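J.: What follows is each chain in one-letter form.
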Amino acid sequence: MAILLTENAAKHVASQMAARGKGVGIRVGVTTTGCSGMAYVLEFVDELNAEDKVFANHGINVIVDPKSLLYLDGTEMDFVKTGLNEGFEFHNPNIKGECGCGESFTV
Amino acid sequence: MSVTDLFAVLGMPAGCQLDRVLLDEQYHKRQAVWHPDRFVNASESEKMQAMQHTSLLNDAYSILKHPLRRVEHLLALRICESGEVVVGKLEPGFLLQQLELREELERLGEKRDENAFARLRQTVDALMLQHWQLIEAGIAKHDWCNAHLCLQKLQFLHKLQEELNHLEDRWLDN
Amino acid sequence: MVLFTIAEPGLGRARQVIRRKRAAGIDLGTTNSLVAVAREGKAEVIADVHGQRLLPSVVQYRADGSHVVGSDAMSPVADATIITSSKRLLGRSRADITYQLPYVLDASAQEGMVRIETVAGPVSPVQVAADILQSLAERAQTESGGELDGVVITVPAYFDESQRQATRAAARIAGLKVLRLLNEPTAAAVAYGLDKQLQGTIIIYDLGGGTFDVSLMRLHNGVFEVLAIGGDSALGGDDIDRAIAGWMQQQAGSSGMTIEDYRQLLQQSRAAKHALTAASTTTVTIGSWQTQLTRDILHQLLDGFIETTLKACRRVLRDAGLTIADVTDVVLVGGSTRTPRVQQKVQEFFGRAPLCSINPDEVVALGAALQADVLVGNKYGDAALLLDVMPLSLGIETMGGLMEKIIPRNSTLPVVRAQEFTTFKDGQTVMTFHVFQGERELVSDCRSLARFELRGIPPMVAGAARIKVSFQVDADGLLEVQAEELTSGIKSSSVVKPSFGLAEHDIVDMIKASIESAAADKVRRTLRERQVEARRHIESLQAALQQDGDNLLSADEKHKLEQVMQELAVAATGEDALLIERLTESLNNLSRDFAGRRMDAGIKAALAGQRLDSLGDKL
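Residue numbers (the numbering used here), protein chains in the order written: chain A, 1 to 107; chain B, 1001 to 1174; chain C, 2001 to 2619.
In isolation and in its complexed conformation, chain A is listed as follows (with noise of 0.2 Å):
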């Protein structure tokens, strides 16, 4: 079971995390909506959970939760731009819908 950064998102992770200036890695996550969607979780980790998996991408920790995992293996992180837009992207083999504005999905 993996998550992946691509080198390009991890570059970028690398230079927003030194601009920060302090944490071990970024957590990628799920979380419920209501009803029976989902929505991803981006955030810098400051501490470790115990239950923890540390995923090592070019030198970048992406740390998972074992719960949302599951949701997870195979995904992919990209950083991408489009026109004046950037920003990352998850592409997650396991989506089986997304609502209408990409922001939520189900499985």
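Mimicking SDA-like on lysine to any residue, the simulated pairs with C-alpha atoms at most 20 Å apart in a straight line are:
| no. | chain 1 | residue 1 | chain 2 | residue 2 |
| --- | --- | --- | --- | --- |
| 1 | C | K2405 | B | N1058 |
| 2 | B | K1159 | C | K2405 |
| 3 | C | K2021 | B | V1040 |
| 4 | B | K1159 | C | R2440 |
| 5 | B | K1029 | C | R2218 |
| 6 | B | K1065 | C | R2409 |
| 7 | C | K2177 | B | F1039 |
Distance windows between CB atoms, simulated:
| no. | chain 1 | residue 1 | chain 2 | residue 2 | range |
| --- | --- | --- | --- | --- | --- |
| 8 | C | E2533 | A | R20 | 32 to 40 Å |
| 9 | A | G74 | C | G2200 | 39 to 47 Å |
| 10 | C | S2288 | B | K1111 | 56 to 64 Å |
| 11 | B | E1081 | C | T2005 | 54 to 62 Å |
| 12 | B | E1081 | C | L2486 | 21 to 29 Å |
| 13 | C | I2324 | B | K1111 | 22 to 30 Å |
| 14 | A | E86 | C | K2491 | 39 to 47 Å |
| 15 | C | I2324 | B | D1125 | 18 to 26 Å |
| 16 | C | K2560 | A | K22 | 43 to 51 Å |
The following residues of chain A were derived to be distant from chain C, with all beta-carbon distances above 10 Å:
| no. | residue |
| --- | --- |
| 17 | E7 |
| 18 | A10 |
| 19 | K11 |
| 20 | A18 |
| 21 | G21 |
| 22 | A56 |
| 23 | H58 |
| 24 | G59 |
| 25 | E76 |
| 26 | P93 |
Treat the hints as calculated values from the structure; they're not laboratory data.
Please read all numbers here as calculations on a predicted model, not as lab measurements.
Heads up, the beta-carbon is just placed ideally off N, CA and C, and yes, glycines get one too.
Following the hints, put chains B and C in place on chain A, whose structure we already have.
T.: Coordinates of chains B and C only, in the frame set by chain A:
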């Protein structure tokens, strides 16, 4: 008075003949950069600039793809560069011939005759070809006076050709 | 595509700071209008809460000052005026309206202006268009979750300057930012070019409810180049309806119908026309009189119109110096191309079966949405390049009432052209310019667009002043004229205000009125948003219940969820936004636990059958 070199605007080699595929390519390449659709969210002055430049591109393209207007432009450009003052008068023989051709066209307008029409078209086409060659030779020899005279004649012939087309369209529509 | 940024710990869910710009494509049609939204290069038509994709271009004005748009506006009620097909009046003068209308024009409106008499007072066709635009924009806003950053509105390619100005004014009144006015056939070509990868020399044959357009285009490597356009901005399915109605009146020997009778007769004519698509004959009635309308009679009524459209096709080919043999594909656009006779005649004329793989009612809105997405800045890959042309020549009146063309038709936009004129009297200090649009030699046969003056010309002998008049037409096809006396540098300019259009103060008044009603609109929009959100929640919960409802919920819990869901479903069809919100919230709370259980069950399922020691590796 100066003349903007429209060949240069579209990055084309200046000449009477031109590579149409290359012309389209050069025009589209420049439009892709300058078209106002690319400047919808830009500042007013950038929008203005884009609009003016694409208008120039459109003008250049419409002139260069039209053989007669292309030669007109080439000649204006060359005469301007040479600084010469070009004067010339059409000889009476040519004008007389034009009158006769026009009278023939008028007759056809009153009475439809496909064979006579085809003959008239052939005569006009042959005259056009002849003057094209003369004009090219004139430009090659830097003989601006003669080239300019030929251009005036070509303009007469072109007008005649357009009227032939109109007549044919009228026949086709009915 | 949704992009995320990394948040500080403990915020819960990922933050999406990068918002895609919201853009929509609007096809403002004579009979029906549509709105579409593009996402990642795919466009989709937006339906209303009842699942209707077409919005009938009908507005009902009521005596209490309120108005209703769409199918709800079509059924007559007391103290209301129903306005249909008002696009045909947009940017037109009273003198242009030579046919019978199912409503009355205000005869007291100032010279030539078109105002429709309603129980709520006179209404400009621009206001009607604005009300339709607003209703469509609301749909798109509900769907994309907020204010639109911009829209592309399509217009018939053959729309002249005043009709385009009127469309722009309507968008302004509706509070929309117009990214571009796009010609309908060009929009259709974009949809076919991007979605179906169509390339070559294409004829777009667009016969709508009130307008006919034909465009000859070259599609090559992402460049959409219009070679020539033609058409008739007052020819469409409406005329066929009127012809059928006229035939019925003649057959029945009936005359002197009331407005309402005539409106119903037109509705019946349209229904008969549709029925004859499948049937060979259909019954029509006026009062107690009735007869059979056969397909043959319909064809007789149709053929004259179709011949007019084919003549325009011929002219367009001639303008571009091409022949039928050069055409590689023919695309059908517009609801009226569903008529089998039209398809048959077009096929005969071009010698090839026309394409209509994209719904001809929707193709224009889809293309507009794709272009709106690009123009607003959500660009994917190499954006298409659209090179459109001027539909009609622009010029100025010269001595003797002659039209001096300055920009010939089919000139690629944008275009800037200048011409020099001079004074004709000694000591002349003022010169008047009268701008016209059209193809005829005499200005009296062309459409008057604007009149403006250049004052303060230094007195000189006749013919000595050099006055440069420049015409500038932007990518929307909108004109600005400037005049300058070259020896003195005196200038005068005019953004062309159509002679029969709205004055600036009229537009400002309408915007004010629209702001005043904005509060009511906001309430309506909130309601629509709640309705859509409620339906979304219900749909996803239903799917989840079907999958896991029985295993994860007790009968009681399931019943409770279903009960609230049912209540919400009922509320969502009603008008009580607060109730919908409350029920959505409580359904959300009730189902949160269920969602959590589904997640746990998912984990269990994934772990089932695995040995404990291997779990150590996995978790």
